[in-house]
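In the working numbering, each residue carries its 1-based index in the sequence shown increased by 3.
These aren't lab readings, by the way, just hints derived from the structure by calculation.
There are no misleading hints in this set.
Straight-line distance between alpha carbons at most 30 Å, and here's what the computed DSS-like set of lysine-lysine pairs gives:
(1) K54 x K197
(2) K260 x K197
(3) K121 x K43
FRET-style restraints, in silico, Cβ to Cβ:
(4) D158 x L86: 36 to 44 Å
(5) F82 x G250: 18 to 26 Å
(6) I15 x T167: 15 to 23 Å
(7) F82 x I18: 30 to 38 Å
(8) R119 x A5: 48 to 56 Å
Quick caveat, the model's predicted, so the values are computed rather than measured.
Glycine included, each C-beta is placed from N, C-alpha and C at the ideal position.
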Amino acid sequence: MALQFPEIDPIIFSIGPLSVRWYGVMYLIGFAFAMWWANKEADKPNSGWTKDEVSDLLFYGMLGVILGGRIGYVLFYQFNLFLENPMYLLRIDQGGMSFHGGALGVIAGIFIFAWRFKKSPLAVGDFVVPMVPVGLLAGRIGNFINGELWGRPTDVPWAVVFPTGGPLARHPSQLYEAFLEGLVLFIMLIWYRKQPRPAGSIAGLFLVGYGTFRFIVEYFREPDAHIGLYAGMISQGQILSLPMMIGGLGLMLWSHKRTSTASA
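With the hints as extra help, turn the sequences into a complete structure.
As structure tokens, this is what we get:
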């Protein structure tokens, strides 16, 4: 027994040659939430943020997501195509975004913004990361609607037969990621930011949380056909998640140790 994929047209509506797709709308939902959240936080007394700073920060963040996501996808997953035709990097009409590349782009944007506005990169990172999981949740739902990035074959009762995944019932791994990397991670960050903690630790928790959840879900997600599993065991997504987990844990330990040393 398996669930049939719901027939959801990935195109919401079209006006002439312009098509509005669910996936693009999901990106807009993520950006809209980030804008709302950042302005709400900036309005709090003694927040240390102005509306102009929030506007600039969101610009750097969105630019980092788009450029980093595309460049990361090409370098991490389609490098051979890039070597054959470097202009493939600009073929965004063919799709392809990498979260790990987007994360690197956002980190670069955070450092540039912090340098320009003379803020602590750790404080800026802590301000940014609670906005991210909602965008991840929306994006993974967009992947599900598109019927892409489906999971490995399975016989669990909630398995889905995807139109592009052949006749086999598969894990709806996009929804696993939406739940873990989106909802659960968001709740973790919101809870942790209310606790006494040093600057940088929220950003560290995000890296650890996302890396761990992505590493786990990769066991249920179908590996990229042209890459497969390294040594028959580990996927490209897991390899890219390991530095996040290690770096995030190191950032949390360093920030706590730095605070303890300063107060000694």
